[in-house]
Structure formats: C-alpha cells, structure tokens
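S.K.: Below are the chains, spelled out letter by letter.
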Amino acid sequence: MATIIAERDTAKTDGTDSPEAVVVRFAGDSGDGMQLTGGQFTLSTALAGNDLATFPDFPAEIRAPQGTLFGVSAFQINFGSSEITTAGDAPDVLVAMNPAALKTNVQALKPGGLVIADTGEFTKRNLDKAKYETSPIDDGSLAKWDVLAFDISALTLESVKEFGLGNKEALRCKNMWTLGLALWMFDRDRAPLIDWLRTKFAKNPVLADANIAALNAGHAYGETAEISGPLRKLHVDPVAAEAGVYRTITGAEAVSLGLVAGAQLAGLPMFFGGYPITPASAILHHLVKMKEFGVTTFQAEDEIAAICAAIGASYAGSLGVTSSSGPGIALKGEAMGLAVMTELPLVIVNSQRGGPSTGLPTKTEQSDLYQAVYGRNGDASLPVVAARSPSDAFECAIEACRIATQFMTPVMLLTDGYIANAAEPWKVPDPANYAPFPVEFLEEANGPDGKPLPYKRDENGVRPWIKPGTAGLMHRIGGIEKGIDTGNIDYAPDVHQTQTDARKDKVDRVAKAVPAQEVSLGDETGKLAVVGWGSTYGPINQAVRRARRKGMAVSHIHVRHVWPLPANLGELLTGFDKVLVPEMNTGQFKTVLRDQFLVDAVPLNKTSGQPFAIAELEHAIGTFFDGIPGHDEGEVPVNDTQLPSPEA
Amino acid sequence: MNDMTPITTTLKDWETDQEVRWCPGCGDYAILKAVQRTLPQIGADPKNTVFVSGIGCSSRFPYYVESYGFHTIHGRAPAFATGIKLANPDLDVWLVTGDGDGMSIGGNHTMHVLRRNLDCQILLFNNEIYGLTKGQFSPTSRLGTPSPSSPLGSVDRPASPCAFALGSGARFVARGFDVSKKLPDVLVAAHKHKGAAFIEIFQNCIVYNKDRFDDFAKAKGVDSEQLWCEDGEPLLFDGGTKGLALCVETLTLKIVDVIDGDWKAAGVVVHNVKNRGLAHMLVDLRVSPAFADFPMALGVLYDDPRPTFEGAIAEEKARASQGKVADLGKLLAKGQTWTVEEKDASHGLME
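Residue numbers (our numbering), protein chains in the order written: chain P, -15 to 632; chain A, 190 to 540.
The following block holds chain P by itself, in its conformation from the complex:
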C-alpha cells in the first residue's frame, strides 16, 4: 500500500518471536465461514497497526458439496511491521479445517511452516472425499512441516455446551474458536471482535454468546494448553505509517466511495445501473446504502438495460454509472458506442475476472484490456483508467468521473477480482484535498438565431451538456452520424470524416489532461523497466525492490491511464534498454505499448487465475541480468506454491 513512509524490505519469517511479516492462510469448506474468519482476522490485524494485504480465494459454487476438494474456500493474509504489497507468496501458517482443505493447500506452505488441523474432521468419510488413503496426520507425509492437530470440533462443542445449541449450529462456532486461537498466536485484542459479534447477532443473543464463548475458548486454549513445540506466540510490530485516521478497505468499497466522491466533486446526482454479476455486484450493494448522497441505484433486467438506463440518466443530467465484469461488459458494448457517438459522460466499471465466456467467475485476470481499449464497433475510442490496489481504486474512480464529465465521454475503470475482494489498510482521505470539477450545463442558446448547437465543440473539442427541461434548447441526439454543431442526422462523407476525427482528437487530448507518467520505483533510466498496470502493482513493486537491492538497474513503472497513455510515457521508456510487461493475460498491454511507441516490450504472462508471486517476477527480472543471451523473456508456469485452484 502507498501510505507507508519507510522503504524497507520484507524479510522472510525466520521463526523468531517477532517476525517482520507473517503469511497465514485459513482454509476450510465453503460452509465453514473461512471468508468471514479471514475478514475478522484482517480487521484485528489492521487494528493492531500492521500493514497487510489479503487474498480471498473461493469457489464459484455457493455451497459446494461438503468435504470435497473443489468446495475448499481459502483466505490468505500477509501482515507485517513494514510495507506489505502482496498477499504473500507462501504461507507460514496454514489452518486446515478438513482433509480437503489440507490437501489442496499444504503444498503451498513454506518448509518448516505450521499446519493447524482439526482432527475432528479427519474421518474416514472425509479422508475418502479428499482422496487420502491414509490420514496424513498420522502417516508421516507432513514431515517437512510442523503439525498441530487436535479436535477443534470437540473443543468447540464443549465450549458452547451451556447454550443448548443443536449439533449443527454448535459446530458453526468452529471458525470463531479457530479465530480465537489465531488471535492468541498473534497477540491480538479480542474486544473489537466481541463487539462485532454482539452487533451481528443482536437479534439472537444466544448465538452471540455461543460464538463469543467459542472465541474465548480458542484463545484460552492457546494460553493454557501445555503444548510444547510448534504453537507459540508471535508478535508482529506495528508498521511505521503516516499519521492519520485509517480503516481497512476492499476495492469494491473504494470504487463505490470514489464514485460518490466523484459525483459530489462534479456537483451531480449519480445514477447507478447494475445487473448482478460476480465479482462486480458488491459495488451495487455498497451504493444502495449511500442514497443520501444523491445516489439512485437501479437493478436492471440485464447488463444492456443497466448501461442504457445509465446513459439515459446522463442525458437527463445525472452522472450515469454502470458496473460489471467481462461477460457483462461485452453485452454493454453497443451502448458504449452510443455514449461515444452522442458524447455523453458515463463511467463503466469493469471488475475483470478470468475469461473468455463465463471463464473463472471468482478468480482474477487482466484479460479485458483489449475489450476496454479496442472492444467496440466503429472507431469508438474511450479513456480507460486502471486501479492498482483497493485503495487506489478510490482515486481512480474520482479520476474516471472527472474525465467523463470534463470531456463528455464514457470512461472505463478497470479493476479485477483480486482488487475487488482484497482488503488493505487505507488512510482515510480528507475530501477537502480534492479539487472540485463542477459541471456547467448549457442554459442559453449557443448558436445564431437563438438556436441550440448541441455539438458545437469548445477549444478541447468538447460539446456542451444540455439537460432536457431547459427552455429553448430542445434538440435531438442519436446514434446515427450527426451534422457539425447541430447534431441533426447527416452522414455525408466529409461530415463522417470530420466527426470521426473530432471524436478521436477529443479522447487523445485526455492524455494531456492527466498527470505525467512517473516511475514508481527506481531511476528514470536504466537497463530494465518493468511496466505494469492494474493489480500487479504489489508483486512487481516488491520484486523490483528486491532486484534493486541486488544491484540490478531495474525500475518499476505502473500505468494508471492505460488509454490514452500519458503523453510522456513513450519518451520515458526510451531511457531503458529493455521493457518487461508482466500481465495476467496473454500480453495485451504489451501490444498497446508496442503499437503506441514501437517499443520492444517483452511480455511476461500468467493466466492461472492467481496473482503473480513476487518470486516469479524476481526470477523474470533476474534473467535480464544473468548474461545469458536470449534468456530475457518468458511465461510464468502455473505455480503450486500459490493458492491452488480448488479443482486441482
């Protein structure tokens, strides 16, 4: 994350009692509440003042059959006393709630790492489902790790006995028991969590009490159980951060807040049209709770209606916004073209996921860049902004609103599944620090004879915005090519040529209205520039940092304005001998860079549905400095030290 003052390296956990960073992964059945456990552990970590990054990883099925390999849901958190930018390559601690969770996750664990397993779930039936012939707890197959196995199920049942819950309900408290143990391990305060449970179960105090009892029992177990060996208390010191008020934020929250802030800065009511789709729905869920900010939300009958209604609202003088993920964005393509043609402001949020088609609904990928930049019929250029982290999504959403209203154009904001779901600490910004960009609607006729000219362009090539309801400015707009200034139907050859050029010029001008491209880390010239965009920021930044410590002349450039590209980017890249472009796709931004700057951009691609590991990037960077000819390119193999696909 960006708010850390000190630039320090993240050291590996060395087993001492005060490591600089620790990676913990919680894994269990889809129904075990692992995402909730992870979320609450994240909050307690943030409150303890650690920097952190998380990676929730769950199957597309809502309730996959119990105990199966494909039903495993996992949540990984990397936290530490210095800057954390990724969810961590390999965990130090794995909490496995059943055999399937152990099987799909244990290979990722660092050698010497700690496995905590619930033996109560290691029944014959569950071992069969996980395709274990013998119990890994007893057969020695976990020898390279420390294993702490005990009957969490029974301990949980015992701890909540007095509340008279049914067996099924009582076992649901297992995740809180486990969380209690984790809080003890990492020296955390239980109070905020107890408050949260009381609020969550306000209507059912018995459940609140039972969960709290389980939490306390797990904590007490760590404290009092006389276990020698692997279980020990670790204290991770708070990070040195800029002074201010902090909270944790996910990308979906940040986008929602940024859109509200953007509409406020533009002085406009906001209209949000959406249709349920993973992982974009969360934005709709957040915005429905912000109606006092002049937000109207509309759950449409389909993706097309969602964007069309948003364009209609923009036409009527609101800031129209729509949001979706890859397949839904494809459906919206024709309507985006209409917004380009009629020159109406619009923000389209694309929370990318693995594709094509339905692809990997709950996994992350950056493979919609072509769709964003090139994906419409006709010459339909529109600006594209890409967020690099959950907190950066706030800034990017404001930027998208600014460009849309100042240039009367649709703008696409790219995030991805990783950004949308992941959480990180966020220094709460002061709205007063953002310069407003109030919209001025045309109120009086701008043409001769007192007639309105809805497509008369200003010095930036931008047309006026005219709201229906304004006296004397009645006019017609539409998707057919339009006459100069008037907007009346006219598709004469010279008119189409002129208007096509004007639309392109207008979007090209955005490049001059955005900040110059900076180097995120390293020098402005050197042997290698690693150029990224979107959620690869964290791993690239760490990998470049490590490479620089080894003396390599490598810099990290991270592009927010992926279309049009910042005016100085081409020149900046000429300062480097080589350009490496890591992407979670088959090389889309690489193509854009080659096309725009004739630069020999080398692709580094990964499409496993998992973010880049720092080690993968470090290795790729290293090949540019090892002196072996032809060694400086590559594709990242599927890496089994990362969160595995549940199907694996």
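Be careful, since some hints might not be right.
Okay, derived cross-link-like pairs now, PhoX-like style, lysine-lysine, Cα gap no bigger than 20 Å in a straight line [what the hints assert, rightly or not]:
{"no.": "1", "chain 1": "P", "residue 1": "Lys184", "chain 2": "A", "residue 2": "Lys407"}
{"no.": "2", "chain 1": "A", "residue 1": "Lys431", "chain 2": "A", "residue 2": "Lys443"}
{"no.": "3", "chain 1": "A", "residue 1": "Lys513", "chain 2": "P", "residue 2": "Lys275"}
{"no.": "4", "chain 1": "P", "residue 1": "Lys451", "chain 2": "A", "residue 2": "Lys236"}
{"no.": "5", "chain 1": "P", "residue 1": "Lys273", "chain 2": "A", "residue 2": "Lys513"}
{"no.": "6", "chain 1": "A", "residue 1": "Lys523", "chain 2": "P", "residue 2": "Lys411"}
{"no.": "7", "chain 1": "P", "residue 1": "Lys435", "chain 2": "A", "residue 2": "Lys236"}
Hints were generated in silico from the structure; no laboratory data involved.
We have chain P; now place chain A onto it with these hints.
M.R.: Just chain A, lined up with the frame of chain P:
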C-alpha cells in the same frame, strides 16, 4: 403524464425543421400528425417533453418532433427512458418503438418497463414487418408471411403485443391505427394515465407489407370490423347492430345481434377499463385464430393505474436518506478506524 402546468401550443410548434424521411404514403406520417395534434391538446410543454426511440422506421420519430429527443439503439428505448425518468421525474417521456424493436430485440425491456410501471407513453407501431432492413418477417408477422427471409412463407407463429403487455403487468393497454381520427383520443387517454401506457398502433408499411390491415384499419369503409371500446359503454359495433356478450358455457365472448338498439336485451357487455379479465378477452379478438371472425377491439382496452416505478424509487430514496446528512468525510471514515499519531507508531482504537 406529468403534473406540469399546461402550456398553449399549436401543431406547428411541434414540427422540426428536419425533412421527414419516411416513404411517401407510409402510415408513420399519419401517426406523427396525430401525435403533433395531441401534444397541444394535453397542454404539453416542449421543454419537458422527451421522445425516446430505438431503431427502425418508427424510431426516426424523435427527429420530427420539436421537443427533446433521443434516438438510441435497437430495442433498448425502454431502458433509456427508465434512466431519463428516474433522473428527472418531471419529464414527460414518450417512447416510440416498432414490432421488431419492441417485441423482438427489445422484448425483454418492453416487459420490464411495463411490469415496473414507469410513467411513460409507449407507442408501438405494428406493421408486421421489418421495414428498414427491407422487408423480412417480424415477430408479429402472420404465419405464412412471404418475405426475403421467408420466401416460402414464415413458419414461426406471431406474438400479440397487447396480450404480451397485459401478461407483463401493464396497467394501460390501448389500440389504434395510423389513419384513425380517434387516434389522438387514445393518445390523450394514454397520457392521462399515470404509469406505463402501452398503445399498439397498426401502421401500414406501404412498401413491404402494403394494406396488411385494410380489412379493419382503413379511414373509411371498414367500420363494421372495428369495435371501439369506451369505458361505461356497451361493446357495440357495425353501427350498433351487433354487440359482444358473454357465452357462459365457454367463458368467452360471442357476437350477438342487437335489435332496435336494445343492447341490454341482447346481453351486450358494458366495457369497464378496470376489468382485467375482459381486457384479456378483448385483446384476443380477431388476432387469435379462434376469434378470427370478430371485429378488432380498438380504443382503451384496459386502464387501471397503480403506483409508478419512479414514485417508488423516489420514496425509497427519501426513506433511506431520512435523518442522514450527506457528509462525505464521515462516509469515508465509516466503520472501524484507528489513528496513527504524528511521529509515533502507537495505535489506538478510535471507535
């Protein structure tokens, strides 16, 4: 309809300087005039009037009305209209669509705008053919319609727009035809209805489906084939010599002779625009093969308002905002926060 103060205008005030580009003799000309005649009659204000259309011959309509207009994309006009009306409920929104635009590519949106009951007038020009793409059969073309894409006659069965509208939950369903003198009356009634008002207008495509509706929809000579429905009036046709009565054995409408104007004696049903069951029977007449020998039911078939979508959205918004102040700073700092002090790494829980 909207609650704005009525404005005095004339038909001329609603004409634009644009050259009308429909084929000479197209039924659209008559509909345009009927609308331009209606707008002064209802006291419409050009600045608050918005015509929204999709794609097709009918959808060029907005360019010819001197108001605000948005010619959008194929089939999606109801979605644009929804955004416009939700963003500014004071606007009087007219939606112009056709049988291809509104029943085929945009059938889904037609359904949803009706069930949500967005306050707008939906004019569906039904010419039973794709005109702008040169004459292919449409979703309302009758079985066996020969066309460039169905040289041996179309094999798919047609949809009935009014039955579709009722099935989608429409609260106002009416019919008219292009050259009918009564079309403005139907449009006035539609405008008066607060909510989604659906009007199927039979329209003669002079080039690709010429005189398709001549059996009942000519200016003169086919009155006997028209049943003009009026609220509170008996369902009479053919100069009052015939009427519709209920056949209790089959629970369907039947044609009865009316002797000396005594429709009561003949058991003729009195039209009630709030009777949904009756509306379902009326929309089927002549359209459904079982009732092919009946007159075409025209006028307001159903009109029973209920709360509008934009009203519900506004009310929900007011309820959600009640007692809340739009303080962006507070919104950003919502939830659990912690404070990092100046030059000090200690952390305290704030709330």
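S.K.: Given the hint that lysine 184 of chain P pairs with lysine 407 of chain A, does the C-alpha gap stay at or below 20 Å?
M.R.: 68 Å, violated
S.K.: Is the hinted pair lysine 431 of chain A and lysine 443 of chain A satisfied, with a Cα-Cα distance of at most 20 Å?
M.R.: Within the cut-off at roughly 10 Å; holds.
S.K.: If you draw a straight line from the CA of lysine 513 of chain A to the CA of lysine 275 of chain P, is it 20 Å or shorter?
M.R.: Roughly 9 Å between the alpha carbons, so the hint for lysine 513 of chain A and lysine 275 of chain P holds.
S.K.: Taken at face value, is the distance from the CA of lysine 513 of chain A to the CA of lysine 273 of chain P at most 20 Å?
M.R.: 11 Å, holds
S.K.: Would you check the hint for lysine 523 of chain A and lysine 411 of chain P, treating anything up to 20 Å between C-alpha atoms as holding?
M.R.: 12 Å, holds
S.K.: Taking only the CA atoms, is the gap from lysine 451 of chain P to lysine 236 of chain A under or equal to 20 Å?
M.R.: Holds: lysine 451 of chain P and lysine 236 of chain A sit about 10 Å apart, inside 20 Å.
S.K.: Checking one constraint from the list: CA of lysine 435 of chain P to CA of lysine 236 of chain A, max 20 Å. Satisfied?
M.R.: 14 Å, holds
Of the hints listed earlier, the one the structure fails to meet is number 1.
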